[in-house]
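Input sequences plus hints: build the corresponding full structure.
There are 2 protein chains.
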Amino acid sequence: MSISNLKFDEKGLIPAIIQDAETKEVLMMAYMNEESLRNTIRTGRTCFWSRSRQELWWKGESSGNIQEVEEIDYDCDGDTLLLKVKQTGGACHTGHKSCFYRGIKREKEAEKVFDPEEVYKKA
Amino acid sequence: MSISNLKFDEKGLIPAIIQDAETKEVLMMAYMNEESLRNTIRTGRTCFWSRSRQELWWKGESSGNIQEVEEIDYDCDGDTLLLKVKQTGGACHTGHKSCFYRGIKREKEAEKVFDPEEVYKKA
Chain U
3 MSISNLKFDE KGLIPAIIQD AETKEVLMMA YMNEESLRNT IRTGRTCFWS RSRQELWWKG
63 ESSGNIQEVE EIDYDCDGDT LLLKVKQTGG ACHTGHKSCF YRGIKREKEA EKVFDPEEVY
123 KKA
Chain Y
3 MSISNLKFDE KGLIPAIIQD AETKEVLMMA YMNEESLRNT IRTGRTCFWS RSRQELWWKG
63 ESSGNIQEVE EIDYDCDGDT LLLKVKQTGG ACHTGHKSCF YRGIKREKEA EKVFDPEEVY
123 KKA
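Each protein sequence line maps, in turn, to chains U and Y.
No gaps in the numbering here: position 78 of the first sequence is 80 in the working numbering, and each next residue is one more.
No gaps in the numbering here: position 70 of the second sequence is 72 in the working numbering, and each next residue is one more.
Keep in mind the hints are simulated off the structure, nothing from the lab.
There's no promise every hint is true.
For chains that are exact copies, the list does not tell them apart, and a pair is met inside one copy or across any two.
Here are the simulated BS3-like pairs of lysine-lysine, each with C-alpha atoms no more than 25 Å apart in a straight line [what the hints assert, rightly or not]:
1. 123 to 9
2. 110 to 26
3. 26 to 123
4. 110 to 123
5. 26 to 88
6. 9 to 110
7. 9 to 114
And the structure:
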């Protein structure tokens, strides 16, 4: 499989699901363009495209909470990625391990694993 | 959390990651509009919006490979869903358990769990 066979959308983006390689918890979803995917493959650390800031975004750049990539899978249509990673700290900017810490059917939120005010003020 | 607080995109869609509740394997990603999400909550079975066919799509309608929903989580931004399900058969139309059966860094494809020619000709 070559990157050129993947289907990027009309904005040149492909959604990337990030999963903890060990616990299998789904940590977050973000978007990659071709450059950020190539950066990810080259360095072994996740790099995304920020749709709000319209720029490349290295995960953990501010927080230190990097993701080391163990596997990059793609789906049957070639239009979604699944990356299995080793997550330092927590993936979510709110201090939770996973961005999916709340549920429509859940009674309780997941607990925080770090204090975002402490972590992001270092940046 | 109310559905109206979720952020559907400019096409009225929200990506939904589907995860096996027991094995935690990520099975597929598809899109929901508000109606398909309400159908999913009401019936406890996944319903999506097909972007190619532009219609509601009940998962398992042709194949019998339905998904019974155990949990519906949403991420910190409220713009992505994570559904934990009990999957009958396989999630992928190719006969694989997961749509993510191939990888950029993998040597071997995952094995099929059903024969799609057999399953879909029933429809």
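Comparing the hints with the structure gives:
1. Taking the shortest Cα distances, residue 123 and residue 9 never come within 25 Å of each other, neither inside one copy (38 Å) nor across copies (28 Å).
2. In this assembly of identical chains, the alpha carbons of residue 110 and residue 26 lie at most 25 Å apart whether taken from the same copy (21 Å) or from different copies (20 Å).
3. In this assembly of identical chains, residue 26 and residue 123 lie within 25 Å of each other by CA distance neither inside one copy nor across copies; the values are 30 Å within and 34 Å between.
4. When the C-alpha separation of residue 110 and residue 123 is checked against a cutoff of 25 Å, the pair qualifies neither within a copy, at 28 Å, nor between copies, at 44 Å.
5. For the homomeric pair residue 26 and residue 88, the shortest alpha-carbon distances inside one copy (10 Å) and between copies (16 Å) are both at most 25 Å.
6. In this homomeric assembly, residue 9 and residue 110 come within 25 Å of each other (Cα to Cα) only across copies, at 21 Å, whereas the closest approach inside a single copy is 37 Å.
7. Taking the closest pair of Cα atoms, residue 9 and residue 114 come within 25 Å of each other only across two copies (23 Å); inside a single copy the shortest separation is 35 Å, beyond that limit.
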